[in-house]
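If you read the protein sequences in the order shown, they are chains A and B.
Under the numbering used here, the first sequence has 188 at position 187, and the numbering climbs by one with no breaks.
Under the numbering used here, the second sequence has 158 at position 170, and the numbering climbs by one with no breaks.
Please keep in mind that the hints were generated in silico from the structure rather than gathered at the bench.
The beta-carbon is built from N, C-alpha and C at its ideal position, and this holds for glycine as well.
Where hints are given, some of them may not hold.
Straight line, CA to CA, 25 angstroms or less: simulated SDA-like cross-link-like pairs of lysine to any residue [as the list claims (entries may be wrong)]:
{"#": "1", "chain 1": "A", "residue 1": "Lys249", "chain 2": "A", "residue 2": "Glu86"}
{"#": "2", "chain 1": "B", "residue 1": "Lys20", "chain 2": "A", "residue 2": "Ile35"}
{"#": "3", "chain 1": "B", "residue 1": "Lys28", "chain 2": "A", "residue 2": "Gly88"}
{"#": "4", "chain 1": "B", "residue 1": "Lys20", "chain 2": "A", "residue 2": "Gly124"}
{"#": "5", "chain 1": "B", "residue 1": "Lys20", "chain 2": "A", "residue 2": "Glu50"}
{"#": "6", "chain 1": "B", "residue 1": "Lys47", "chain 2": "A", "residue 2": "Thr241"}
{"#": "7", "chain 1": "A", "residue 1": "Lys80", "chain 2": "A", "residue 2": "Glu231"}
{"#": "8", "chain 1": "B", "residue 1": "Lys49", "chain 2": "B", "residue 2": "Ile101"}
{"#": "9", "chain 1": "B", "residue 1": "Lys49", "chain 2": "A", "residue 2": "Ala246"}
{"#": "10", "chain 1": "A", "residue 1": "Lys238", "chain 2": "A", "residue 2": "Arg66"}
{"#": "11", "chain 1": "A", "residue 1": "Lys249", "chain 2": "B", "residue 2": "Glu52"}
{"#": "12", "chain 1": "A", "residue 1": "Lys10", "chain 2": "A", "residue 2": "Cys79"}
{"#": "13", "chain 1": "B", "residue 1": "Lys138", "chain 2": "B", "residue 2": "Ile148"}
{"#": "14", "chain 1": "A", "residue 1": "Lys248", "chain 2": "B", "residue 2": "Met(-11)"}
{"#": "15", "chain 1": "B", "residue 1": "Lys28", "chain 2": "B", "residue 2": "Ile69"}
{"#": "16", "chain 1": "A", "residue 1": "Lys248", "chain 2": "B", "residue 2": "Ser(-7)"}
DEER-style ranges, computed between Cβ atoms [as the list claims (entries may be wrong)]:
{"#": "17", "chain 1": "B", "residue 1": "Phe38", "chain 2": "A", "residue 2": "His119", "range": "44 to 50 angstroms"}
{"#": "18", "chain 1": "B", "residue 1": "Gln59", "chain 2": "A", "residue 2": "Thr297", "range": "51 to 57 angstroms"}
{"#": "19", "chain 1": "B", "residue 1": "Asn36", "chain 2": "A", "residue 2": "Pro252", "range": "31 to 37 angstroms"}
This is what each chain is made of:
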Amino acid sequence: MPTSTKTLKERAAILQAVRSFFCDQGFLEVETPIRIPAPAPEAYIDPQECGDWFLQTSPELCMKRLLCAGCQSIFQICKCFRKNERGHLHLPEMTMLEWYRTHADYHQLMADCEALLHFLVPGQLLTINNTTVSLSPPWPQITLEDAFNQFSRTPLQTAIQSNRFEEVLVEEVEPHLGIQSPVFITDYPAELASLARLTPDNPETAQRCELYINGIEIANGFSELTDPDEQRRRFEKEMTTIGAAGKKPGPMPERFLADLARMPESAGIALGLDRLVMLMTNNSSIDQVVAFTPETL
Amino acid sequence: MYTASDLKKGVKLEIDGEPYVVVDFTFSKPGKGQALYRTKMRNMVNGNMFDRTYRSGDKFKKAELIERAMQFLYSQGDEYIFMDNQNYEQITVTKEQLGDDLNFMVDNMDVQILLFEGRPIGVTLPNSVNLRVVQADPWAKGDTSGSDTKPVTLETGYVIQVPPFVNENDLIQVDTRTGSYMTRVKE
Chain A
2 MPTSTKTLKE
12 RAAILQAVRS
22 FFCDQGFLEV
32 ETPIRIPAPA
42 PEAYIDPQEC
52 GDWFLQTSPE
62 LCMKRLLCAG
72 CQSIFQICKC
82 FRKNERGHLH
92 LPEMTMLEWY
102 RTHADYHQLM
112 ADCEALLHFL
122 VPGQLLTINN
132 TTVSLSPPWP
142 QITLEDAFNQ
152 FSRTPLQTAI
162 QSNRFEEVLV
172 EEVEPHLGIQ
182 SPVFITDYPA
192 ELASLARLTP
202 DNPETAQRCE
212 LYINGIEIAN
222 GFSELTDPDE
232 QRRRFEKEMT
242 TIGAAGKKPG
252 PMPERFLADL
262 ARMPESAGIA
272 LGLDRLVMLM
282 TNNSSIDQVV
292 AFTPETL
Chain B
-11 MYTASDLKKG
-1 VKLEIDGEPY
9 VVVDFTFSKP
19 GKGQALYRTK
29 MRNMVNGNMF
39 DRTYRSGDKF
49 KKAELIERAM
59 QFLYSQGDEY
69 IFMDNQNYEQ
79 ITVTKEQLGD
89 DLNFMVDNMD
99 VQILLFEGRP
109 IGVTLPNSVN
119 LRVVQADPWA
129 KGDTSGSDTK
139 PVTLETGYVI
149 QVPPFVNEND
159 LIQVDTRTGS
169 YMTRVKE
């Protein structure tokens, strides 16, 4: 059954407000192609084939190429496609808000998130089910390692080595994240951040942050890796993992790698707009905030 | 074979030689991480429930279940004998397996029997069945107690609430899914 008109109106108002926020901050709204020849190879994200090409899993590579071409602060609201992702928080076709800033790092992105929510929710309180999340900044930041230590008996490294990272994260850690206030999880192990810059004084971790509200992952950002050789090596590693799972990796994004040498220091973040609308309208399933789901088509 | 992405409520799998049905299912996936398929399953033979989490690459054997139309022939102690309407083979189902269905079973009744690798694991009765009332207190005229039903006993021994006008020897229709009275059958 299609979503209620009331929710569709709320959704439209939120999208409108998001655009106003970024335009007011001097961001340029861009549109990049949805159908592309070479998505970023990511071990656990399956692109949807579309003829000889693919539907984008994220606008990341094209937006970064715009930074290489001289754009400074850009944002985009677009559809992204990921095969076999379907659940109460997942749609195989979803709406992404993605923004980039040159001469910035992931600390600036976290400040952007705080300012965006401050703008979208004037009352600074989100009521979700029967709990209230306070949006007053600053929001706590906690490293992924500390989050595991705090909420699980399995340390982060043990979980990764025993291939239980996702189980522990989803079952033990995530339910505690962003309950009273949104929270940023920061400093992911380097192997969990294929496109992120490593922390200068600790190359074991990458400058990646994830925003959680009410136990739900809302946004994922990082200080961008700008070294094309290192990026190629990481893509090759992802492709090896894809091949080992019996899947065929797509082609290497050569044009992106060629441009990357010219990319200024930058930071970028992707925010799941459907999930944000879901939280802001106090709905418990992503199905309730989109006009149609695959099952209703 | 199923893969993890085929999992959803109602899917029937074979694990360690036993048939299971998925009764609850959650898809989870940290943005950059591997997908998790968290399931709650019920063993279709003994009813035991358990939780298990699967990943994208996991594969499963489909539980080979077939449903066959059979007729209830007779009971012998705790064993109930059914006959396959097509090949006339007879199979035995235990009293324990039939459970509450016994309240509605009469000789020659047509049922569906679920077989897992040839052995019966479940019986589906028709949605309604006609059963004779063997014991009923007469409707006391002038009863002003306000109660609009009374208990009667059926030929299977099952005690059911019926409207006051139902008498001993009447035939009534019963909903086998809820165990409740539907209507009185005219003969």
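Here's how the hints hold up against the structure:
no. : hint                                   : result
1   : A:Lys249 / A:Glu86                     : holds (18 angstroms)
2   : B:Lys20 / A:Ile35                      : holds (20 angstroms)
3   : B:Lys28 / A:Gly88                      : holds (15 angstroms)
4   : B:Lys20 / A:Gly124                     : violated (32 angstroms)
5   : B:Lys20 / A:Glu50                      : holds (19 angstroms)
6   : B:Lys47 / A:Thr241                     : holds (21 angstroms)
7   : A:Lys80 / A:Glu231                     : violated (29 angstroms)
8   : B:Lys49 / B:Ile101                     : holds (22 angstroms)
9   : B:Lys49 / A:Ala246                     : holds (19 angstroms)
10  : A:Lys238 / A:Arg66                     : holds (22 angstroms)
11  : A:Lys249 / B:Glu52                     : violated (32 angstroms)
12  : A:Lys10 / A:Cys79                      : holds (19 angstroms)
13  : B:Lys138 / B:Ile148                    : holds (8 angstroms)
14  : A:Lys248 / B:Met(-11)                  : holds (18 angstroms)
15  : B:Lys28 / B:Ile69                      : violated (33 angstroms)
16  : A:Lys248 / B:Ser(-7)                   : holds (15 angstroms)
17  : B:Phe38 / A:His119: 44 to 50 angstroms : holds (45 angstroms)
18  : B:Gln59 / A:Thr297: 51 to 57 angstroms : violated (43 angstroms)
19  : B:Asn36 / A:Pro252: 31 to 37 angstroms : violated (49 angstroms)
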